[in-house]
Structure formats: structure tokens, C-alpha cells
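S.K.: Take these sequences, add in the hints, and give me the full structure.
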Amino acid sequence: MVEWITTDGLTEYHAAETFMEARAGAIARGEADELIWLVEHPPLYTAGTSARPADLISPDRFPVYPSKRGGQYTYHGPGQRVVYVMLDVGARGRDVRAFVKSLEEWVIATLASFGVTGEIREGRVGVWVTRPEKPPAPDGSPREDKIAAIGIRLRKWVSFHGLSINVEPELE
Numbered sequence: 036m037v038e039w040i041t042t043d044g045l046t047e048y049h050a051a052e053t054f055m056e057a058r059a060g061a062i063a064r065g066e067a068d069e070l071i072w073l074v075e076h077p078p079l080y081t082a083g084t085s086a087r088p089a090d091l092i093s094p095d096r097f098p099v100y101p102s103k104r105g106g107q108y109t110y111h112g113p114g115q116r117v118v119y120v121m122l123d124v125g126a127r128g129r130d131v132r133a134f135v136k137s138l139e140e141w142v143i144a145t146l147a148s149f150g151v152t153g154e155i156r157e158g159r160v161g162v163w164v165t166r167p168e169k170p171p172a173p174d175g176s177p178r179e180d181k182i183a184a185i186g187i188r189l190r191k192w193v194s195f196h197g198l199s200i201n202v203e204p205e206l207e
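Numbered according to our numbering, the sequence shown terminates at residue 207, and the numbering increases by one at each position without gaps.
Wrong hints could be hidden among the right ones.
[Stated by the list, open to error] What follows is a set of in silico ranges between Cβ atoms, one per label pair, in the way DEER data are often shown:
no., residue 1, residue 2, range
1, Arg64, Pro173, 47 to 55 Å
2, Gly175, Arg64, 50 to 58 Å
3, Gly65, Asp180, 35 to 43 Å
4, Ala50, Pro177, 23 to 31 Å
5, Gly158, Asp130, 14 to 22 Å
6, Asp90, Ser176, 18 to 26 Å
7, Val131, Pro171, 29 to 37 Å
8, Ile155, Lys103, 21 to 29 Å
9, Pro167, Ala67, 43 to 51 Å
10, Pro78, Pro173, 25 to 33 Å
[To be verified] Mimicking DSS-like on lysine-lysine, the simulated pairs with C-alpha atoms at most 30 Å apart in a straight line are:
no., residue 1, residue 2
11, Lys191, Lys103
12, Lys136, Lys191
13, Lys136, Lys103
14, Lys191, Lys169
15, Lys181, Lys169
16, Lys136, Lys181
17, Lys181, Lys103
No wet-lab data here; the hints were simulated from the structure. For each residue, glycine too, the CB sits at the ideal point set by N, CA and C.
M.R.: Right, here's the structure in full:
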């Protein structure tokens, strides 16, 4: 069974990370149900395993938390729903690429239920939306924005970390 928890208000990142690690361990030991946990964080950056300090445009603007998840830097803050996914990937075929693809497909289906068309881009992780109201890119292609970022970590085939969906983020 997969438990769902939604936490109201802002959740401090360190507390979320501590909780995720403990819950993932309990799932791996068979002591807890799998969990999907929805939170929002105060403004911060998390640095995935591929993050390079030179890539962060304003490193002093918000706290930066090193993270052992995949990916680069991700901004989290009010107006963005973070979905921490603590699932037994071992019981789902032990295929990490298929697991990430299923997360992308889940986000696309969820967005569609709100009338938003999300798309996968070849060679890029996450979900994108085309922005026809914006001027075309210099090469003439339509503008696009990343609406959902994905970065997971596995321990004993249990995932933690997860994805973030930009609902109405404060980007000032």
C-alpha cells in the first residue's frame, strides 16, 4: 500500500531530508508502507550529484543544500509542490530509467487533468510546457519552460527525493 501525506505550510529542507532517509530505510526493512509526501519549502536550492558551483547564478541569494539525489541545482520555494517519492523500485522491476519515465508520465497525466499539456524532451529529464504567448527563441523554435524537475536517489532499491512541480512559484 502507498500512503499519501500532504503537509501544509513550509517544510524545512533538512527536516524533510531526515524524514525521507528514515522512511526509505524503514520501507527497505519492511517496517513501513511506501509513501508519497507532498510539501512546499521556503526558498532554497538543492544541489544534486551533477551540480557544479559555477552553474548557480546567485549562490548567495538562498541557502544551498547538498543532496545525494541525481541532477543539478533545483530551486524550491513557495508556489512549488515538491513530491517526495519513497517507493520500492525493486518491486517495480529494478529499472531506474523506466521508473523515472513513469514519474514523468504521471506528472503529464496529472497536468492534463488541469488542462495543461506537459511534454517529455528527448535527452532531458523532467516535464516541459510550450509557451506560445512568449516570443520565439532565436532559432525560431517555440519557447518552453520546465514545469517539473525530477531527481531521485535509491538506497536498497527504495527511492527517495522525487520531483517538483511549478504550480505558481514566486520567482521575483
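S.K.: For each hint, tell me whether it holds in the structure or not.
M.R.: The hints, checked one at a time:
no. : hint                        : result
1   : Arg64 - Pro173: 47 to 55 Å  : 53 Å, holds
2   : Gly175 - Arg64: 50 to 58 Å  : 54 Å, holds
3   : Gly65 - Asp180: 35 to 43 Å  : 41 Å, holds
4   : Ala50 - Pro177: 23 to 31 Å  : 40 Å, violated
5   : Gly158 - Asp130: 14 to 22 Å : 19 Å, holds
6   : Asp90 - Ser176: 18 to 26 Å  : 23 Å, holds
7   : Val131 - Pro171: 29 to 37 Å : 35 Å, holds
8   : Ile155 - Lys103: 21 to 29 Å : 25 Å, holds
9   : Pro167 - Ala67: 43 to 51 Å  : 45 Å, holds
10  : Pro78 - Pro173: 25 to 33 Å  : 30 Å, holds
11  : Lys191 - Lys103             : 14 Å, holds
12  : Lys136 - Lys191             : 20 Å, holds
13  : Lys136 - Lys103             : 20 Å, holds
14  : Lys191 - Lys169             : 44 Å, violated
15  : Lys181 - Lys169             : 14 Å, holds
16  : Lys136 - Lys181             : 16 Å, holds
17  : Lys181 - Lys103             : 22 Å, holds
In the structure shown, a violation is registered for the earlier hints numbered 4 and 14, in ascending order.
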